[in-house]
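Enquirer: Given next are the chains, with one letter for each unit.
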Amino acid sequence: MKVLTGIVVTFVGLLLLYGVSDPEDFPAWGDPHSPANASPISQYFIQKTIRDSEVPNMVTAVLADYRGYDTMFETVVVFVAGIAIFGVIRSYEQEDVELQVSRRRPDVIPKRTVRLLIPIIQIFALYVLAHGHSSPGGGFQGGVIMGASFIMIALVWDLETALKRFSEKLAIACAGIGILIYAAFGLVPMFYGDEFLNYGILYKVLPATDSREMARYYAMLGVEVGVMFTVTSVMYLIYALLATRGRMKGGL
Amino acid sequence: MIFSFDLLVLLFLIPSAIIALQLRNLVAASMVFGIYSFLMCLLWAEMGAVDVAFTEAAVGAGVSAVFMIATVYQTTRKSSD
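Residue numbers (the numbering used here), protein chains in the order written: chain A, 1 to 252; chain B, 1 to 81.
Honestly, the hints are just simulated from the structure, not real lab data. Mixed in with the good hints there might be a few duds.
[As the list claims (entries may be wrong)] Going by beta-carbon spacing under 8 Å, a handful of chain A positions derived as facing chain B: (1) W29; (2) F140; (3) Q141; (4) G147; (5) M235.
[Claimed, not checked] Partner residues are not named here, just some residues of chain B that face chain A (Cβ under 10 Å, in silico): (6) P15; (7) L26; (8) G34; (9) G48; (10) V50; (11) A70.
[What the hints assert, rightly or not] Pairs of lysine-lysine residues, derived as BS3-like cross-links and limited to a Cα-Cα distance of at most 27 Å, are as follows: (12) A:K249 - A:K164; (13) A:K204 - A:K48; (14) B:K78 - A:K169; (15) A:K249 - A:K111; (16) A:K249 - B:K78; (17) A:K249 - A:K169.
Only a predicted model underlies this, so the values are computations on that prediction, with no experimental measurement involved. Glycine included, C-beta positions come from ideal geometry on N, C-alpha and C.
Given only the sequences and the hints, what does the whole structure look like? Please build it.
Expert: This is the structure we're talking about:
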């Protein structure tokens, strides 16, 4: 069986190599005439992003504005994944069946290091979120980094310490609130007679924005905040559930 | 593209992919997956896809390795096949 698998994998690998070997089919790296760069829609994004929304980072503009539907339901997918894991393995049994609980006090070195690191990590997460327009980053990355800071608390102390700061109920609520924030930024334009997630009209609502471009700029930030809420809490929730077999106490 | 850098990363990337699948110790395998993700992140950063590289560094090398190790601790340490 292993030999057979090896033969199949080698064959497919050689086929892939053959497929990308022809320069006609597989353009060189950074080729301006490659289909990905030359297609009208890419041309539009490259030329018009700054004019449309004043966002220097094209990736964020495509993600949060031009392709807003997709990102909204990506967030819903993250939320559903968290809820699914919760539904499958959360258990309310009270007896502790040979949980691999480490009840000992945390060592001094990890404790001191993490105490120094966590504020920096969280500030960095907020920076990644807020600066996602002009540099790489955004809600997903910022959310993961923020979630990691809470996971770090759970790793170095124990889950109880982390749950005291970010409880299970709060995490589930925040995961839902994130999607609601996103959906709200989609719904408000509809009241002004525009399409769902067409942020331009929000200049009438948002403070300190007087043009459609700046409204799109700030609406993208708001949407990313929603994404960050969901991602942070889902990451933390998944870790807490996986590390405790769904019992929400003890853990690694 | 910097050819020598690509070559160096690929030189580590391919063995780490194979080792991650071959290891019997699942904690070690998760660690090697983390290394694999980090090398992919370097490769993407070097090709200019900085957003993808950032996501890979945060999700692939950071959180998913922790998830895998947390799961392994609740199941068996050794792979049975």
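Enquirer: State for each hint whether it applies.
Expert: Structure-based check of all given hints:
1. Given the 8 Å rule on beta carbons, the hint for W29 of chain A holds: about 5 Å separates it from the nearest Cβ of chain B.
2. Satisfaction of the interface hint for F140 of chain A is found here, the shortest Cβ-Cβ separation to chain B being roughly 6 Å, below the 8 Å cut-off.
3. This hint holds: Q141 of chain A has a C-beta 5 Å from the nearest C-beta of chain B, less than the 8 Å allowed.
4. For the restraint placing G147 of chain A at the interface with chain B, the shortest Cβ-Cβ distance is roughly 7 Å, inside the 8 Å limit, so the hint holds.
5. With its C-beta approaching chain B no nearer than about 6 Å, M235 of chain A sits inside the 8 Å limit, and its interface hint holds.
6. The beta carbon of P15 of chain B is not positioned within 10 Å of any beta carbon in chain A (closest approach about 16 Å), and the interface hint is therefore violated.
7. Against a cut-off of 10 Å between C-beta atoms, the interface hint on L26 of chain B is violated, since the closest Cβ of chain A lies about 14 Å away.
8. At a threshold of 10 Å, the smallest CB-CB gap from G34 of chain B to chain A is about 13 Å, leaving the interface hint violated.
9. The interface hint given for G48 of chain B holds, since its Cβ lies 8 Å from the closest Cβ of chain A, which is under the 10 Å cut-off.
10. Evaluation of the V50 of chain B hint against chain A yields a held restraint, the C-beta minimum of about 4 Å falling below 10 Å.
11. Taking 10 Å as the C-beta cut-off, the interface hint given for A70 of chain B holds, the closest approach to chain A being about 4 Å.
12. For a cut-off of 27 Å, the pair hint linking K249 of chain A to K164 of chain A stands: about 12 Å separates their Cα positions.
13. The suggested pairing of K204 of chain A with K48 of chain A holds, with an alpha-carbon distance near 23 Å, which does not exceed 27 Å.
14. As the CA atoms of K78 of chain B and K169 of chain A are separated by approximately 34 Å, the hinted pair breaks the 27 Å bound.
15. Under the criterion of a C-alpha separation no larger than 27 Å, the hint pairing K249 of chain A with K111 of chain A is consistent with the structure, at around 20 Å.
16. The hinted pair formed by K249 of chain A and K78 of chain B meets the criterion: a straight-line CA distance of about 25 Å does not exceed 27 Å.
17. Proximity of K249 of chain A to K169 of chain A is assessed by CA-CA distance (about 14 Å); at most 27 Å being required, the pair is judged to hold.
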